[in-house]
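K.L.:
If you want the building blocks of each chain, they are given just below.
There are 2 protein chains.
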Amino acid sequence: MLLLHLSDVDEAGWASAFAEQLAPYPVVRRGDDFDPAAVRYVFVWKPTPDAFDDLVNLEAVLSLGAGVDALMQHLRLPDAPIVRFVDDDLSQRMSDYVVAHVTMHHRQFTRFRADQQARRWSQFYPPAAAETSVGIMGMGVLGQDAAQRLAPLGFTLRSWSRTPKQVEGVTSYAGAEALDDFLAGTDILVNLLPLTPETRGILNYATFAKLRRDRLEGGPVIVNAARGGHQKEADIVRALGDGTLGAASLDVFEIEPLPDSSPLWALENCYVTPHIAAISTVTSGVRYFSRVILDAEAGKPLVNVVDRQRGY
Amino acid sequence: MLLLHLSDVDEAGWASAFAEQLAPYPVVRRGDDFDPAAVRYVFVWKPTPDAFDDLVNLEAVLSLGAGVDALMQHLRLPDAPIVRFVDDDLSQRMSDYVVAHVTMHHRQFTRFRADQQARRWSQFYPPAAAETSVGIMGMGVLGQDAAQRLAPLGFTLRSWSRTPKQVEGVTSYAGAEALDDFLAGTDILVNLLPLTPETRGILNYATFAKLRRDRLEGGPVIVNAARGGHQKEADIVRALGDGTLGAASLDVFEIEPLPDSSPLWALENCYVTPHIAAISTVTSGVRYFSRVILDAEAGKPLVNVVDRQRGY
Chain A
1 MLLLHLSDVD
11 EAGWASAFAE
21 QLAPYPVVRR
31 GDDFDPAAVR
41 YVFVWKPTPD
51 AFDDLVNLEA
61 VLSLGAGVDA
71 LMQHLRLPDA
81 PIVRFVDDDL
91 SQRMSDYVVA
101 HVTMHHRQFT
111 RFRADQQARR
121 WSQFYPPAAA
131 ETSVGIMGMG
141 VLGQDAAQRL
151 APLGFTLRSW
161 SRTPKQVEGV
171 TSYAGAEALD
181 DFLAGTDILV
191 NLLPLTPETR
201 GILNYATFAK
211 LRRDRLEGGP
221 VIVNAARGGH
231 QKEADIVRAL
241 GDGTLGAASL
251 DVFEIEPLPD
261 SSPLWALENC
271 YVTPHIAAIS
281 TVTSGVRYFS
291 RVILDAEAGK
301 PLVNVVDRQR
311 GY
Chain B
313 MLLLHLSDVD
323 EAGWASAFAE
333 QLAPYPVVRR
343 GDDFDPAAVR
353 YVFVWKPTPD
363 AFDDLVNLEA
373 VLSLGAGVDA
383 LMQHLRLPDA
393 PIVRFVDDDL
403 SQRMSDYVVA
413 HVTMHHRQFT
423 RFRADQQARR
433 WSQFYPPAAA
443 ETSVGIMGMG
453 VLGQDAAQRL
463 APLGFTLRSW
473 SRTPKQVEGV
483 TSYAGAEALD
493 DFLAGTDILV
503 NLLPLTPETR
513 GILNYATFAK
523 LRRDRLEGGP
533 VIVNAARGGH
543 QKEADIVRAL
553 GDGTLGAASL
563 DVFEIEPLPD
573 SSPLWALENC
583 YVTPHIAAIS
593 TVTSGVRYFS
603 RVILDAEAGK
613 PLVNVVDRQR
623 GY
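Protein sequence lines correspond, in order, to chains A and B. Residues 1 to 312 (our numbering) are what the first sequence spells out, left to right. Residues 313 to 624 (our numbering) are what the second sequence spells out, left to right.
With the rest of the complex left out, here is chain A (with noise of 0.2 Å):
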């Protein structure tokens, strides 16, 4: 029995998906009458404290989210193996963010739109590709989507990660060791890294004050497209404004919806979206779960396991 136990999003449509694609394999939602020693599967996003109770004979835990740090707090959790959501659909949807917003900042938009506003004709012509360095935080699954996208538009790439990771076209960095010069070579900076104990607050102002200076004109660049947990908004509300960085995508914030009263929504050369950069659709959630559910019932190992020591 597959339970669907989900916060914030059309929990009934994603039970009526799934019953259709996994019939005639039972599908529950919360408050509907069932043993909860039946349930083999639980689907979760967001799950109240009593989410995990009573449910006894547990396979997997079924995380919506890519990321599970929110899970991975959670006080009851079961031992259960934890499922993360790895998706073709999901990356490709973050990687339009990330190209959308490395492209633009490359192109030096936040100058030609002042320029604009001020009706001043005045010709600059950013760098080529080439002569432009992106360094992607995190080269899991959303981090090689990224670099094999950026790597056909011709810019220099390099990747930072817990253990070294070999792309083709990519020079990787590996550990905190590696940190420095990972930054001291990257003009736009790009976080997809996982919210661990290791990177929480890790885009602060001593990180931004290491980035490269000489390139791209205005200063370097950062795009957040992980969690709100990995940045210091105070460290890019500072850096902003004293041009220790030249702009900054925001998909994330330290606290969700961002409060009417955060400086970042007045800053010309912050971007700030309302984390919409990549989401789960019912479509490639129901494909890929009941595929994982369709092969633990066949006897096939569960894949996209989360390591709990690691935290992702």
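To be clear, the hints were calculated from the coordinates, so they are not data collected in a lab. It is possible that some hints are incorrect.
With beta-carbon atoms standing in for the labels, derived distance ranges [claimed, not checked]:
1. B/Glu480 / A/Val282: 46 to 56 Å
2. A/Ala174 / B/Arg550: 50 to 60 Å
3. A/Glu256 / B/Gly623: 49 to 59 Å
4. B/Ala426 / A/Ile255: 37 to 47 Å
5. A/Arg120 / B/Asp322: 41 to 51 Å
6. B/Ala335 / A/Ala184: 57 to 67 Å
7. B/Pro336 / A/Ala174: 50 to 60 Å
8. A/Ala209 / B/Gly325: 45 to 55 Å
9. B/Thr475 / A/Val9: 45 to 55 Å
10. A/Tyr25 / B/Gly481: 37 to 47 Å
11. A/Gly185 / B/Val617: 41 to 51 Å
12. A/Ala118 / B/Gly497: 35 to 45 Å
This one's a predicted model, so the numbers in the text were calculated from it and none came from an experiment. Cβ coordinates follow ideal geometry from the N, Cα and C atoms, glycine included.
Once you've looked at the hints, dock chain B against the given chain A.
P.N.:
Then chain B, alone, in the frame of chain A:
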């Protein structure tokens, strides 16, 4: 002998770079003391009316501009072959501009910027790139380069050109009779056409009204990186105001610099840049045209020669 005749650019810089590259082949500038009959190649940008007088032994006219529409209007243009600038570096820079503006509009930049200014947290998920159709007008070197960079991003691509062009992953439409079908399936229209009597004013209200309207929130988009003569700016203002177009990115204008009085400057959904999408750099220009001259002197046929009948 190579004669340089360049207005509004650093002619002296070009001359010294050519002299270094071509030595001992002679390189002269306007105003130098030389025999006009000895000039075999003239390298021009915005030539004056007397630019070609007395050059009775020309092998070729070399055009700094990739577009030769203005040169073709020169009243005393000699019969010698005209060689256009075709260059990977120029194509790269043009594609940098095209990709940045296509992806920005695909990701609904105008909407999210307005939300930010209103401090409005309004979640909206743009369609994946594959659900968005980019239509490229003009499939010469620049159009093909843009297509090859947009394809790995996942966009659905179609092209429109004078004659059919087979490019992998791009649906080809050709000729005036296919224009409406091309437009009817296009969400983001990119213009990279040469400017000829047939293409002048092609970006007009009737064209905009034929674009696909049911995909991109806010309406279809145009990106013009070719020539101001392609667009009817009064029509663009009208279409941006009444919703026929959702947004426009314009790098070129009917009159350049864009007059202070133009309403385009003040439109929130119009993105004005001052004809900076792509520039011919001295390094790449000298490399390209030195090769042209040395090959011609060695008896090889000229490449990238303008067809005067079709106008490019």
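K.L.:
Take the hints in turn and mark each one as holding or not.
P.N.:
Evaluation of the provided hints:
| no. | hint | verdict |
| --- | --- | --- |
| 1 | B/Glu480 / A/Val282: 46 to 56 Å | 32 Å, violated |
| 2 | A/Ala174 / B/Arg550: 50 to 60 Å | 55 Å, holds |
| 3 | A/Glu256 / B/Gly623: 49 to 59 Å | 55 Å, holds |
| 4 | B/Ala426 / A/Ile255: 37 to 47 Å | 22 Å, violated |
| 5 | A/Arg120 / B/Asp322: 41 to 51 Å | 22 Å, violated |
| 6 | B/Ala335 / A/Ala184: 57 to 67 Å | 39 Å, violated |
| 7 | B/Pro336 / A/Ala174: 50 to 60 Å | 53 Å, holds |
| 8 | A/Ala209 / B/Gly325: 45 to 55 Å | 36 Å, violated |
| 9 | B/Thr475 / A/Val9: 45 to 55 Å | 50 Å, holds |
| 10 | A/Tyr25 / B/Gly481: 37 to 47 Å | 39 Å, holds |
| 11 | A/Gly185 / B/Val617: 41 to 51 Å | 42 Å, holds |
| 12 | A/Ala118 / B/Gly497: 35 to 45 Å | 38 Å, holds |
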